[in-house]
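Chemist: In the order they appear, the protein sequences are chains A and B.
Residue 294, in UniProt numbering, is where the first sequence stops; the numbers in between run on with no holes.
Residue 294, in UniProt numbering, is where the second sequence stops; the numbers in between run on with no holes.
It should be emphasised that the hints constitute simulated quantities derived from the structure, not laboratory data.
We treat Cβ as the ideally placed atom computed from N, Cα and C, and that holds for glycine.
Warning: the hint list may mix true and false statements.
Here are some chain A residues the structure puts well away from chain B; computed CB gaps all over 12 Å [to be verified]:
(1) K6
(2) M9
(3) D10
(4) E22
(5) K27
(6) S62
(7) S64
(8) M90
(9) Q119
(10) R142
(11) S145
(12) I146
(13) A151
(14) H179
(15) K211
(16) L251
Quick partial rundown of chain A residues pointing at chain B, CB under 8 Å, derived from the structure [to be verified]:
(17) Q4
(18) M7
(19) T32
(20) P150
(21) G155
There are 2 protein chains.
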Amino acid sequence: MSEQLKMFMDEQLPLLHTHFTELFKGKNYPETLNEAMSYSVHAGGKRIRPLLVLAVLHDLKSTSDDAVRVAGAIELIHTYSLIHDDLPCMDDDDFRRGNPTNHVVFGEAAAVLAADALQTLAFEELASLQHTDAATTLAILRAVSIASGPAGMVGGQILDMQGEGKQLTLTELEEIHVHKTGALLACCVESGALLANATDTEMQQLRTFSKNIGLAFQIKDDILDVTASTEQLGKTANKDTASDKSTYPALLGLEGAHAKLADHHKRALDALEQISLGSSLLAQIADYIIDRNA
Amino acid sequence: MSEQLKMFMDEQLPLLHTHFTELFKGKNYPETLNEAMSYSVHAGGKRIRPLLVLAVLHDLKSTSDDAVRVAGAIELIHTYSLIHDDLPCMDDDDFRRGNPTNHVVFGEAAAVLAADALQTLAFEELASLQHTDAATTLAILRAVSIASGPAGMVGGQILDMQGEGKQLTLTELEEIHVHKTGALLACCVESGALLANATDTEMQQLRTFSKNIGLAFQIKDDILDVTASTEQLGKTANKDTASDKSTYPALLGLEGAHAKLADHHKRALDALEQISLGSSLLAQIADYIIDRNA
Chain A
1 MSEQLKMFMD
11 EQLPLLHTHF
21 TELFKGKNYP
31 ETLNEAMSYS
41 VHAGGKRIRP
51 LLVLAVLHDL
61 KSTSDDAVRV
71 AGAIELIHTY
81 SLIHDDLPCM
91 DDDDFRRGNP
101 TNHVVFGEAA
111 AVLAADALQT
121 LAFEELASLQ
131 HTDAATTLAI
141 LRAVSIASGP
151 AGMVGGQILD
161 MQGEGKQLTL
171 TELEEIHVHK
181 TGALLACCVE
191 SGALLANATD
201 TEMQQLRTFS
211 KNIGLAFQIK
221 DDILDVTAST
231 EQLGKTANKD
241 TASDKSTYPA
251 LLGLEGAHAK
261 LADHHKRALD
271 ALEQISLGSS
281 LLAQIADYII
291 DRNA
Chain B
1 MSEQLKMFMD
11 EQLPLLHTHF
21 TELFKGKNYP
31 ETLNEAMSYS
41 VHAGGKRIRP
51 LLVLAVLHDL
61 KSTSDDAVRV
71 AGAIELIHTY
81 SLIHDDLPCM
91 DDDDFRRGNP
101 TNHVVFGEAA
111 AVLAADALQT
121 LAFEELASLQ
131 HTDAATTLAI
141 LRAVSIASGP
151 AGMVGGQILD
161 MQGEGKQLTL
171 TELEEIHVHK
181 TGALLACCVE
191 SGALLANATD
201 TEMQQLRTFS
211 KNIGLAFQIK
221 DDILDVTAST
231 EQLGKTANKD
241 TASDKSTYPA
251 LLGLEGAHAK
261 LADHHKRALD
271 ALEQISLGSS
281 LLAQIADYII
291 DRNA
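Could you build the full structure based on these sequences and the hints that come with them?
Modeler: Shown next, in the form of C-alpha cells:
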C-alpha cells in the first residue's frame, strides 16, 4: 500500500470508527439488538467501501461534513449483507474477518434481525444528512437503494447461490459479480461524486473506474481463496473449491485470472487518467485491491 | 365493515395491486428473486397499512399522485418483516394468509434474500417519488426508516422473541407491541399526513389516534388467536398459548382484554373528534380493526 493511502486511511478510518461508536451510543434500541448490530459493524474488515467514498471527495478536491455519514451508511449495508450471507441457510460460515460470525455469537434469529435493522439504519442515516441539499440526498438514496437491492447486490447474491455446483460461463460469472460486489462498490464512488458535485465527464470516467475495480476486486478474492491461508484471510480458505463454485481461477486458470485482473486494473487506471487522476488516491486504492494478500 | 369503507377499499385496493404488479414487471431482477418477492407481496392480507395512508389523505381532503406509491412502500416493509418472521429460526410458520410461507415455497436462502430486497425496494420507491417536494419526501423516508428499524418494528421483534416463555408485565407487553406493530401503523398515518400537508394540530391528534389503534390492533390479534379458528385466520390459531407467549388475554383475561380494546378504541375516536374526523374513514378503520374476525 502506498504511503499516501496509508496516511489517508490512518486519518479517515478513526473518524469512521468514532462515527460507528456514536451511532450505537445512547440509542433506544433493545440491548441485544444494539450489541448484535454493533458487533458486526465493529468487526473490522478492509473498509474499502467507505474509503472509496472518502477518496473520491479527496481526489475531486471537495469536502462534505456528511461524507463519513454516507460512507458509514454504505458500510452498514455491506455489513448487513455479510451477516445474512453467513447464516446457516446461506453460506453457513462460522468465521468472518477472524471472528465468530454474528449468528454464532447471538443466535440465528437475532442475527437475521440485527442485519435487517442495519439495512434500515443505513437508509435512516442517508435520509438524515445535515449538510447536503435535499435533491443530492435523494440522488444518493436512489443510487444506494438501486445498487444494494434486487437489481444490484441482493440480485447478485441469489445468482451466486443458484450458480453453485454449476459450470458457469465467464459471462455468467461476470454477471454475478457485477451485481453481487460491483454494484455497491460503484455506488460508493457515485455517492462520493454526488457529494462532490462531480461534472458529467468525471462521473462517466468514475463509473468506468468503479466497474473495473469491482471486477478486479472479485477476481483477486477468487485468486486469494486458492492461494492464501485461512489465517491470512480471516475466513475459511479454499471454500470455493470445496463447494465446487465457479471462480475466475477455475474458469481461466490461475495465470489467466491474473491476466484478467491486470486488464481490469489497467482499464480502471486509464479512466482515472482521462480526468487527470492518474496518481490519485483512487488509483492507489486500485493498486491496493490488486496487491492485497487478504 | 361500514359501507363507505368497503367502497373505499373496493376503489383503492385494486390501484394498490396494479401498482404491485407494475413494480415487478419488466424489472431486471433475477427471475427467482422476482418471483419470491412478488409471491409474498401478492399474498393478500388486510392491507391495513396502505389503507391507513390512503384514508388519511381522503379524510384530510387531500390527494397525491404519490399516495399509492408511499402506501405500497410501507406494505413492502410489512411484507419483508413477515417473511423473516416466518423463517424456521424465527416463528417457524408454514402458513401465512392461508398460503405456504415464502421459505416453504422458495427455500430459506431465497426467502431471506427476497425479504432483504423488499426492504431495499421500499426505500428505493420512497426515494423516487415524482409528485412530492424533496423535503417532504425526506421527512417520509425518515419516518418510515425510524418506525421500521431498531427503535421501531425490528426492535419490537427482538423484544417479542426475548419475551417468549417469560411472564411479562402489562408494561413490557405494551412496550413490545408499541414497537413491533404500533410504530409502522403510526408511520402510515404520519406519512399520509405528511403527503397531505397536515397542520400541527392534525398531526398531533393523528399520532394519538394511531398509537391507540396500534395497540387495539394487537389486542384484537391476541383475542382472535384464542377465539378464532385456524381456517378463519389463515394462520395457525392458538399459537400464542402453545408457545407460552404473553398475551393480553393471558394477562388480563378475555374480558379484561376486551375492556382494554374498547378503551383504546375510544381514545382513538376521541382524538379524531378533536379534528372533526369523528365519522371519517379513519374512524371506520378503527371500528373495523376492533370488529374484524380474522
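Chemist: Compare the structure with each hint and give your call.
Modeler: Going through the hints against the structure:
1. K6: It holds; K6 (chain A) is separated from chain B by about 34 Å at its closest Cβ, greater than 12 Å.
2. M9: Nearest chain B Cβ is 29 Å from M9 (chain A), so the label holds.
3. D10: holds, 31 Å
4. E22: holds, 15 Å
5. K27: violated, 7 Å
6. S62: Holds, because the least Cβ-Cβ distance between S62 (chain A) and chain B comes to about 21 Å, which exceeds 12 Å.
7. S64: holds, 17 Å
8. M90: violated, 5 Å
9. Q119: violated, 6 Å
10. R142: Its Cβ does come within 12 Å of chain B, the nearest being 5 Å, so this is violated.
11. S145: violated, 4 Å
12. I146: violated, 6 Å
13. A151: Per Cβ check, A151 (chain A) is inside 12 Å of chain B; nearest 5 Å; violated.
14. H179: violated, 8 Å
15. K211: Its Cβ never comes within 12 Å of chain B, the nearest being 16 Å, so this holds.
16. L251: With a cut-off of 12 Å, L251 (chain A) remains clear of chain B, as the shortest Cβ separation is near 20 Å.
17. Q4: violated, 35 Å
18. M7: Check failed: Cβ of M7 (chain A) comes no nearer than 35 Å to chain B, outside 8 Å.
19. T32: Since chain B brings a Cβ to about 6 Å from T32 (chain A), closer than 8 Å, the hint holds.
20. P150: holds, 4 Å
21. G155: Constraint on G155 (chain A) satisfied, holds at 5 Å.
Of the hints listed earlier, those the structure fails to meet are numbers 5, 8, 9, 10, 11, 12, 13, 14, 17 and 18, in rising order.
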